[in-house]
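K.L.:
Chain L is fixed; fit chains E, D, Z, U and Y with the ligands onto it per the hints.
Residue numbers (our numbering), protein chains in the order written: chain L, 1 to 296; chain E, 1 to 177; chain D, 1 to 195; chain Z, 1 to 456; chain U, 1 to 273; chain Y, 1 to 209.
These are calculated hints, taken from the structure and not from any lab test. We treat Cβ as the ideally placed atom computed from N, Cα and C, and that holds for glycine. Possibly wrong hints are sitting among the right ones.
Unchecked claim - Chain L is nowhere near these chain Y residues, computed Cβ spacing over 12 Å in every case:
| hint | residue |
| --- | --- |
| 1 | Arg-62 |
| 2 | Gly-115 |
| 3 | Met-180 |
What the hints assert, rightly or not - Chain Z is faced by these chain D residues, among others (derived, beta-carbon under 10 Å):
| hint | residue |
| --- | --- |
| 4 | Lys-159 |
| 5 | Thr-161 |
| 6 | Val-162 |
| 7 | Leu-163 |
| 8 | Arg-164 |
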Amino acid sequence: MKLSVSHPPHIKQGVTVKTIMWSKIAILMAVSLMAVFVFGLSALAMILVSTISAVITEAGIQKLTKQELTIKDGDAVSIGMLIALLLPHTVPIWVPAIGAFFGVALVKHAFGGLGSTLFNPAIAAWVFMNMSWGALTKISSVSHIGSASYNILFLGKYSDVIFESGAGTLAEVSSFILVIGGVYLIYKKYIDWRIPSSFIVTTVVMALLLGEDLSYVITGMLFLGVFILATETATSPITKNGRFIYGLLCGVLTVMYGFISCNYVVAVLYAVFFANAVAPFIEKNTSPKPVDEVAL
Amino acid sequence: MDKEMGVVLLKLVVLSVVAAAVLGAVYIPTQVQLKIYQQEQKELALVDVMPLADHFDPVRSGEEILYYRALDADNNLVGYSFFHDQSGSQDMITIAGGIDTEYKVSGIKIMSHAETPGLGAKITELAFTDQFIGVAQSDLMLSKNDGAIDAITGATVSSVAVIDGIQAKILEIKANE
Amino acid sequence: MEDVSLFAIAINGIFVKNFLLVQFLGLCSFLGVSKETKSAVGMSAAVMFVMILASTAAFLIYEFLLKPFGLTFLTTISFIIIIAALVQLVEFIIRKFSPPLYRSLGIFLPLITTNCAILGVVILNVRLEYGFIESVFYGFTAGVGYTMVMLLMSSIREKCTVLRIPEAVQGIPHAFFITTLLSMAFVNFFGVIPT
Amino acid sequence: MILCVSDEMTKEEMKNNSKTPKEAEEYRQQVVIPLLQHRGAICEPLVDVEDNVLIGQKIGECDNDYAAQVHSSISGHIIAIEERPHPSCVKKPSIIIESNGTNESINFKTCTNPSKEYIFDTLQDSGIVELDGYPVFNTLISKKIIDTVMVNLTYPSDANSNCTSDNIPKIIEGMKLLMKASDAEGVIIINKTDGQLASSIRSSLNGDNIKIINTKRNYIPLMNNLLAHDMTGIRISNRDTPGYAGVMISSAYGALAVSKAVLEGIPPIEVNVTVSGAVKNPMINTVSIGTSFKDVIQSSGGYLGEPGKIIMNGILSGTAQATDEVPVIKSTTEITVQSIDEVVRDKPGPCIHCARCVDVCPVNILPGRIASFSDIGRYDECSKLHVNSCVECGLCDYVCPSSRHILQLIRFARTALIRLFNIPEEKESPNLKLGCESCETPCDTGTSSVTEGGKK
Amino acid sequence: MTGTLLIAQSAMVIGGIGFLVGIVLIWASIKFAVETNPLVDEVIEVLPGANCGACGYAGCADFAEKVVEETAPIDGCPVGGFDVVKEIGAKLGQEVKEAESIYPFVRCNGGVHCTDKIDYVGIDDCRAVMMISDGEKGCSYGCVGRGTCVRACPFGAITIGDDRLPHINKNMCKSCGICVDECPNDILVMANETETVHVLCRSNDKGKLVKSVCEFGCIGCRICAKNCPEDAITVTGFLAEIDQEKCTNCGLCVDNCPQKTIEMISTSVEAAA
Amino acid sequence: MAEKTILGEYLRGIVKDNPVLALVLGLCPALAVTTSVENAIGMSGAALFVLLGSNVMISALRKQIPPIIRIPMFIIIICTFVTIIDMVMEAYTPPLYKALGIFIPLIVVNCIIIGRAEAYAIKNNVKYSIVDAFGIGTGFLVVLVAIGAIRELLGTGAIVLFGFKLISIPIYSDTPATFMILPAGAFMTIGVLMALVNYNRIRKLKKGA
Ligand SMILES: Cc1cc2nc3c(=O)[nH]c(=O)nc-3n(C[C@H](O)[C@H](O)[C@H](O)COP(=O)(O)O)c2cc1C
Ligand SMILES: Cc1cc2nc3c(=O)[nH]c(=O)nc-3n(C[C@H](O)[C@H](O)[C@H](O)COP(=O)(O)O)c2cc1C
Ligand SMILES: Cc1cc2nc3c(=O)[nH]c(=O)nc-3n(C[C@H](O)[C@H](O)[C@H](O)COP(=O)(O)O)c2cc1C
Ligand SMILES: Cc1cc2nc3c(=O)[nH]c(=O)nc-3n(C[C@H](O)[C@H](O)[C@@H](O)CO)c2cc1C
Ligand code: SF4
Ligand code: SF4
Ligand code: SF4
Ligand code: SF4
Ligand code: FES
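Okay, chain L solo, but in the shape it has when bound:
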């Protein structure tokens, strides 16, 4: 009889990286379905190509450097899907393919893979694509695909917050899916509640203070940013106060960029990306005080 010996605890909660990732992917799948429904097969093609490119890149790198394959953890899949979802459906199909390669190869694996990504690979890939093919990937926040046609529950111009908003990118037609999915993730504690709540509250409050029309500020991209992009674990601070401040910073930057450029869709992405850069600094300066620390 050879007994197992280890340090406690001797059970695990059972929530694994895999569970968290695939739950997010499930939400992204719903978002993708909506995108295909609204934009047609070109959207489907983009999502497939981007995801496949991300997965192949990851597998290739791990094969080449003789690491263990980690496709199953879903990280590459979610990066690939997100990259497609951040683009308008008019983009040629090779753009997300190259973007996904950039995101997975340079922003994920060159930095050390899962957990070491200092910047959100999907947003970084988006910035890369935007810098390279600005004209092709241009997102505008004005062209709504018809708030008139979906006037839900007498919400008037706010109804597109629920059903579609911004209508620039694939992700933006699914505000309500993102909100439901995000709340589910928070409920299951797969993502932290502090970042989304402080992000969205700051955004709304700042926008109101500046006198912006909320129907331009609250876009589908904002919800994607709040629930999926900003809560990406490796790129946000781990301290509790740090996460509040991080959400706050995301919100402030979103409104600032949006206010100056009149484009609240792009603003969310740049805001979260810049906040990624500041996250370690926030984290460093919000070290918690343990309960047993006695003032001298």
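P.N.:
The following block gives chains E, D, Z, U and Y with the ligands in isolation, referenced to the frame of chain L:
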């Protein structure tokens, strides 16, 4: 201060003096060459944007040259040409331009700029500048605003800067004449 | 000289034309010293201090010595002598009067003479034809921009000690990758305030 | 959060399955009594090989301040005094006694209304050790002024084993004795969710001046400082004890042992142990100290399938045993057997910085970050991040989605830091030499804790 | 002539600046003079700069300072080897003579031939394993084989082989001894290159116990001691020990050991394949 | 130590002591001006000129240079050459001068040049200093041209050298990844190059072991 320090100081001063003298000696010939080159460039540009002209007559306000009246061999006025600085997306863009007597553009040339290579830097390319030839002042607008000029993709700011610069100068000349 | 508001200079110096990320000035010391926040802060303070001093001194020399005599071609040589002397002087003084400060700042001072950012800021002052206030203020804001990026970078690199960085990427290449992404994060400041 | 979850049996079922000590006796032919069952110095044996001893006879003593005498739990003769496996982690000197089957005991001196002095005297003699390893007597005589005696019933292993309806009045008796000894008020801490226990306690209190406080959290013995802090609001350094806040914390086991020792004169020779998990008849056993885990499990019907892991004192914070030969000691309250399939052997991945560990940590530190620093040998950083504040509750490890061995890495860093501070004369290399000598104190609750308690 | 004037002006301006700067700096260097020892910098330059700490000081610079202060031994840097010692000696004007080269060797033959007592789950580190129940190996004296020494070696000289024992690459080893310090079980010891016969076991357990867990463990049978013509082997408890002073590397004990515990290592450390 | 040979000293500057990849010096120009191969060649040409001049001068005057004002004297010598090349380029190659911008005067503070003065020229004779200057200069050139080529090719789809279209990628050049000629692309390129060099070095080390 002892003698050793004096020697040190002397060496430093001697080196400085020699260095400065050498620089002064190089400065003079290069400066001459630079002047010649700049003049050449200017003249070339003026001719480029106003091919009909034979010589140019500067219109001044005080020391500053506002623009040139382009005259043919018989001293008839065939148009105007000018240099203009306009702020672009990064830094100043220096534009040379020529217009005929009906205030239609006869040609433009970007003299210097600091726009992003590959983006705004495309304003120097013929594909962009040739669009301007023959365009009337009223049509000097982006095509998306029903004008005659197609912006460079990804560099609207730079494109608009060039258009705006020429617009402003034409209005100035109109007002002056 | 165009009329440039101090606010525009500040935004330009800190964000739009950030010395490190956009203008590529001062990279050697940036990569060398940003491993730890402590030394990053020391270096930043030293750079900011010398930038302000150098902007002041250079303006005076340029305006009252070089320009009147038409000796503008001597700009570089006179500026670099001034900077070298200033740095040396500051080092002497700090070492004598504040050994603790010298211990934290002093080791960075020799690095500063050969830091492009300092010479860059004074030459840019001349090229942009800034007046006295603007020159000194530009020196200050360029220093602020330098400090900001330095702080972000050093916090990131400190966090990196617990990350699994591939062997071949460790060290300088990794620092470059971080800089790549930092630079991308600054990209959207382009065109916020056209100069 | 439920701290102990593995067994599906209700407490009722366990009680029905209980065996009296007599039934279990057949397995008790030999006991191994370690000479160290507390934090502090190892006891000197008072007996020699081949001596005969009686139940309750003192067989080990030490004159150190931090000491807890050990007593024989059976009558028989001593066959050896040697190093034997110990539930903490490494071998400890122990006295091995073979039963002669007579159950002869020394004369236990009963007392119905003890004076304060009598309580002190008996407690000093009885060597009762709290579940966190501190001898009760030492807590009482420490210079700190105790104004509250708290009985912590939120530690599931302890509460499950000791809070049977028979025992509850005795626990309250013991608590009152402690209150009398220290002129303090009494408080009983119960988890909010444990309504049944609260009501049975309330019915046994009949008008005593004892308060009941409900908490959200379960407190394991190592969280005593935290418990005192949560109740009083006073911050207690990890180098201090709850006494700093004027609080003495007792477990159900401790209170029970005090009442037994003072009123019935019986020193701690028996403990109540819940046997759960992959055994045939999970139940609460009353076991003589020194009985091997193997025998205890046998008396619960034996293993169900092949055992994968044997854990003392709770599945979340307990110690896994290398062998089932280890003896039951004073602070054993639960033995859990996991089948081979239940054993957690997930491969650790990289930290994904999800901060789930940060959110559950009761002492508000950054467990995952400390673990990462420990992993790369940066113990200085661990120290800066307050690694010594950790109360080893194991929650961080429990929730980590990347299956990182957070608690082990934290303990590792602490051990490294002790080495660093204990041997300053060793060269100041950034590399630290580690080994198990750091673990001089017994870790009966499964810890190689660094609190300076026993080291004078 | 403007040209000459210009040159003269330039010379005066830069000469003037140079003069002023020179005066100020010389004045400042005298006024604010602080003593430093240039020797320290010279010594730093000679040192290998690995900052490994093997010398026992906080990095190369600290060591250099201490050497100049003569509070550290001149041959205190094990990494640099004799060349460095000679150079430091030259700087400080001291004579030095070459030491014999020593390398760590692995005092355990168990590895895969030694049974596991428990199934350890946890962090992959020898020290961590030793903190639980005397380790996972049947033999509590043996090499744990989880490579703490591999990670400790600043020069990458150690690898764990298929036999789950460390192998030291003599070409890369700088004899710094860090691995010896780090090993929780004292498996690694420094040995002179000329000493080639070693007892590859350090178990003091009874022979029967050793035999039950390890194929190659020393059982204390004394056959080697009886066979040694030089009386170099003593068996205390259940473990043989070779007195290297007396040993002539004849190899008789190696041939006679029933457990194959004693081995002759041709170069004391084998180069990794 | 092995005997110094002229070839050896030259190659050392290119490979072992490569100023950018191995010594990590002179990064600013290496990144700022490498938007095209042409600029890269111009920059490294200018740097080579200054390096050569300063190495020769300093090596020739090395007996005359008092240690305490070593650095100021180096700077003055270097700066003289920099200003000369600055003026000459402004006059004779204005477009290139314009493209290189502030980085020509900044050669003064380029760590490579002072570094070589301090580490080499002050200790060695004129002959070897010339070889060293050529070696280091070539090393700088090789890296700059490599970075420039990668960035120009990927960033614009073609390499144009002095008006000639050297290489052009057919379909790609319609929509090249502009990212590459922006600052971020520069950082990325040099990062990838260095990672590859490192990878190779580590692989060799492991093999040699
Ligand atoms: C919508 C959805 C799709 C999933 N698809 C996959 C899948 O394709 N591959 C996979 O390995 N896990 C997938 N999972 C995760 C699994 O449900 C489960 O968490 C995981 O496979 C557990 O793996 P393990 O048993 O290897 O630990 C998916 C989860 C969800 C919610
Ligand atoms: C949007 C949102 C906001 C919340 N705000 C708070 C809050 O301000 N304070 C709080 O204690 N819990 C809040 N919660 C509840 C938390 O989800 C959760 O209950 C809490 O983190 C539990 O932490 P604790 O056990 O450390 O108290 C909020 C939840 C959501 C979804
Ligand atoms: C944060 C931010 C600030 C901007 N500020 C300005 C500005 O002040 N002036 C300006 O002309 N464009 C500014 N832009 C760019 C414009 O938003 C817009 O992209 C551009 O003017 C229109 O060019 P396009 O039609 O080619 O996209 C800014 C962009 C961003 C992201
Ligand atoms: C890195 C970068 C460089 C840019 N350079 C230019 C430029 O040179 N000229 C310009 O007009 N816009 C430039 N832009 C601005 C950008 O392309 C802008 O949104 C629009 O002009 C796009 O149509 C740049 C933007 C980025 C992100
Ligand atoms: S075990 Fe983990 S959660 Fe518990 S106190 Fe320690 S660090 Fe915090
Ligand atoms: S729970 Fe695990 S993965 Fe998450 S932050 Fe903590 S250690 Fe890292
Ligand atoms: S020699 Fe020591 S450190 Fe190395 S593997 Fe063996 S036990 Fe571990
Ligand atoms: S093998 Fe041991 S002695 Fe040799 S270099 Fe490595 S750590 Fe130092
Ligand atoms: S070249 Fe070294 S700092 Fe710029």
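K.L.:
Indicate, hint by hint, whether the structure satisfies it.
P.N.:
Hints, verified against the model:
Here Arg-62 of chain Y stays apart from chain L, with its beta-carbon at least about 44 Å from theirs, past the 12 Å limit. The Cβ of Gly-115 of chain Y sits about 29 Å from the closest Cβ of chain L, beyond the 12 Å cut-off, so the non-interface label holds. A cut-off of 12 Å between C-beta atoms contradicts the statement that Met-180 of chain Y is not in contact with chain L; the least separation is 8 Å. The beta carbon of Lys-159 of chain D comes within 9 Å of a beta carbon in chain Z, closer than 10 Å, and the hint placing it at the interface holds.
Evaluation of the Thr-161 of chain D hint against chain Z yields a held restraint, the C-beta minimum of about 7 Å falling below 10 Å. Evaluation of the Val-162 of chain D hint against chain Z yields a held restraint, the C-beta minimum of about 4 Å falling below 10 Å. Proximity of Leu-163 of chain D to chain Z holds as hinted, the smallest CB-CB distance being about 8 Å (cut-off 10 Å). For the restraint placing Arg-164 of chain D at the interface with chain Z, the shortest Cβ-Cβ distance is roughly 5 Å, inside the 10 Å limit, so the hint holds.
Going through the hint list in order, the structure does not satisfy hint 3, though it satisfies all others.
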